[in-house]
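Can you build the whole structure from these sequences, using the hints too?
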Amino acid sequence: MQMSLDIKNVGMVYETESGHIQALDQVNLQIRDGEFICVVGPSGCGKSTLLNIIAGLEHATDGEVLLDGQRITAPGPDRAVMFQEAALYPWMRAVENVEFGMKAAGVPPQERHQRAMKYLDLVRLKSFAQAYPHELSGGMRQRVALARALTLDSKVLLMDEPFAALDSQTRNILQLELQHIWMETKKTIFFVTHNVEEAVMLADRVIVFSAHPGHVKKVIKIELARPRQRGSIDLTFYVKSVMKDLAEEVEKVAKKEYGDNWSFEDDTVLHNPDSDMGAYL
Amino acid sequence: MLHWWKSYAFPSPLSVFQTLVSLGQGGSLELAVLVSMKRMVIGYLLSAVLGVTLGLLVSQMQHFGSQFNAFILGLQSLPSICWLPFAVLWFGINESSVLFVTTIGSTFAISLAVISGIKNINPLYIHAAKTMGVQGIMLYRDVMIPAALPNLVTGLKQGWSFAWRALMAGEMMSSTHGLGVMLMQGRDFGDISQVVAMMIVIIVIGLAVDRLLFGRLERKVWRRWGLNQH
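Respectively, the protein sequence lines represent chains A and B. Numbering of the first sequence is given in my numbering, commencing with residue 1 and proceeding in unit increments. Numbering of the second sequence is given in my numbering, commencing with residue 282 and proceeding in unit increments.
Do not rely on the hints blindly, as some may be mistaken.
Which residues of chain B face chain A? A few of them, derived with a C-beta cut under 7 Å, are [unchecked claim]: (1) Leu326; (2) Pro404; (3) Ile407; (4) His408; (5) Lys411; (6) Thr412; (7) Gly414; (8) Ile418; (9) Tyr421; (10) Pro427; (11) Gly507.
Simulated restraints on C-beta separations [said to hold, decoys possible]: (12) Asn403(B) <-> Ser263(A): 39 to 45 Å; (13) Ala164(A) <-> Met419(B): 26 to 32 Å; (14) Gln2(A) <-> Met419(B): 28 to 34 Å; (15) Ala105(A) <-> Ile323(B): 38 to 44 Å; (16) Gly507(B) <-> Ala105(A): 22 to 28 Å; (17) Gln348(B) <-> Thr16(A): 47 to 53 Å; (18) Leu356(B) <-> Val13(A): 23 to 29 Å; (19) Phe352(B) <-> Glu177(A): 49 to 55 Å; (20) Leu488(B) <-> His20(A): 22 to 28 Å; (21) Gly19(A) <-> Gln348(B): 46 to 52 Å; (22) Ile481(B) <-> Ala105(A): 38 to 44 Å; (23) Pro108(A) <-> Ser377(B): 46 to 52 Å.
No lab work stands behind these hints, which were simulated from the structure alone. Even for Gly, the Cβ is constructed at its ideal location relative to N, Cα and C.
Okay, here's the thing in structure tokens:
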């Protein structure tokens, strides 16, 4: 299998007034062409920083990222990015937003309109092509952003918690749509999320990140046939095993924030006299 | 008539109205409006071009941007009529010095609006554009300027009212035609009705342009951009 992204010894140090913060340390990851990678980890573990480095929006202080053997130094249309917010331009109609990336690439107007409409159809928003972003719901905006990312026809799609701000029904629908789109287009997808179920549902491999400093803790291969169904027993099994790895990391972060004597079991279950099921009545 | 009412100190609405009508019939009011509006349009357009250019330049600066910003802020705090002696020494007491005062009266306000408009662009808009391969002039033309437009329009509107004040002050001090001049004439003739009549004309024109032209434009842009503060 051909390599698409090669993340080599990537480290990231932020200089702040209170000293320097090691956000990423010795991150190594090889991603195959057409692979769907999901990265999960506690908040602040540097998973979004890694995505930004791959996108070229931030520069690693150590190591490098190669795309098809070429070192990444700046953002470019060969790596489409979808952010947590749709990042649509409010002064453009939905279809103009979708066309914008192609406009930068110099695609002639006629062709870019046709392609934009094709992708809007793919995310089922053809009838909203003329709407302005503020006239659309959050889920619709995110679908327009997805259409825009797809039109760039990049080999790599970077997604930074794209469904995190949506309500759960919308999120479920979009996960199913993304699964189908990936099966159709076979893009390499690097998907950052804090939702384990989402990660297991979508990924070929789930990368569990540990925090302080951020590095790859574990790589879990999800060997399940597609299309996957939410709530199936196989999926639940994988979710539990990823959760276990993640729980240690979340606890580590929680201890740092709430103090060393904080413990998952004692402090997340509230003790109250009514939980004895009436034994002392 | 009541005894405490001195019509030479404060005119009755009727006499103000009569003065307006007679000034209008004589044609001098229309001429003054025309002269003032011509200066206003020229001075304001100049200041819009200068202000936007200066604002874009300063927001481009990597190193001395904040110093320049402070400098412009300082110049903005100077009442524009204080530029008149400077202008008179440069151009003499003529059309140019009045235009200069009008222009300079709104240039810095517009610059500041451009600078803050660019500074407050959602960084996500720029990130998204860069990941799509948008750069250089296209980044400015298609992303940054439209993104800053709501603030820019508000700045242009504010600039108009600054320019209007500066023009009136300039005309009163160093001109021979225009609304400001007619206001001063009222004082010279001791005609309080004309003074108040001209004040009303100046208010009405200022307000009309502000509300009808800029207010509408501003509402339209803000609504189109999905911002609902107006």
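To see whether the hints hold, each was checked on the structure:
1. Leu326: violated, 24 Å
2. Pro404: violated, 10 Å
3. Ile407: Interface hint status for Ile407(B): violated (10 Å vs cutoff 7 Å).
4. His408: Holds, because the Cβ-Cβ distance from His408(B) to chain A comes to roughly 6 Å (cut-off 7 Å).
5. Lys411: holds, 4 Å
6. Thr412: holds, 4 Å
7. Gly414: holds, 4 Å
8. Ile418: This hint is violated: Ile418(B) lies away from chain A, its Cβ roughly 11 Å from the closest one there, beyond 7 Å.
9. Tyr421: Hint violated; Tyr421(B) Cβ to chain A Cβ min 13 Å, cut 7 Å.
10. Pro427: For Pro427(B), the interface hint holds, since the closest Cβ of chain A sits about 5 Å away, which is under 7 Å.
11. Gly507: Result: holds, 3 Å to nearest chain A Cβ.
12. Asn403(B) <-> Ser263(A): 39 to 45 Å: holds, 41 Å
13. Ala164(A) <-> Met419(B): 26 to 32 Å: holds, 30 Å
14. Gln2(A) <-> Met419(B): 28 to 34 Å: holds, 33 Å
15. Ala105(A) <-> Ile323(B): 38 to 44 Å: The hint (38 to 44 Å, Cβ to Cβ) holds, given that Ala105(A) and Ile323(B) are roughly 42 Å apart.
16. Gly507(B) <-> Ala105(A): 22 to 28 Å: holds, 27 Å
17. Gln348(B) <-> Thr16(A): 47 to 53 Å: Since the Cβ atoms of Gln348(B) and Thr16(A) sit about 25 Å apart, the hinted range of 47 to 53 Å is violated.
18. Leu356(B) <-> Val13(A): 23 to 29 Å: violated, 42 Å
19. Phe352(B) <-> Glu177(A): 49 to 55 Å: With a Cβ separation near 53 Å, Phe352(B) and Glu177(A) satisfy 49 to 55 Å, so the hint holds.
20. Leu488(B) <-> His20(A): 22 to 28 Å: The hinted range 22 to 28 Å is violated for Leu488(B) and His20(A), with Cβ atoms some 57 Å apart.
21. Gly19(A) <-> Gln348(B): 46 to 52 Å: violated, 29 Å
22. Ile481(B) <-> Ala105(A): 38 to 44 Å: violated, 58 Å
23. Pro108(A) <-> Ser377(B): 46 to 52 Å: holds, 49 Å
This entry does not satisfy hints 1, 2, 3, 8, 9, 17, 18, 20, 21 and 22, going by the numbered hints stated previously.
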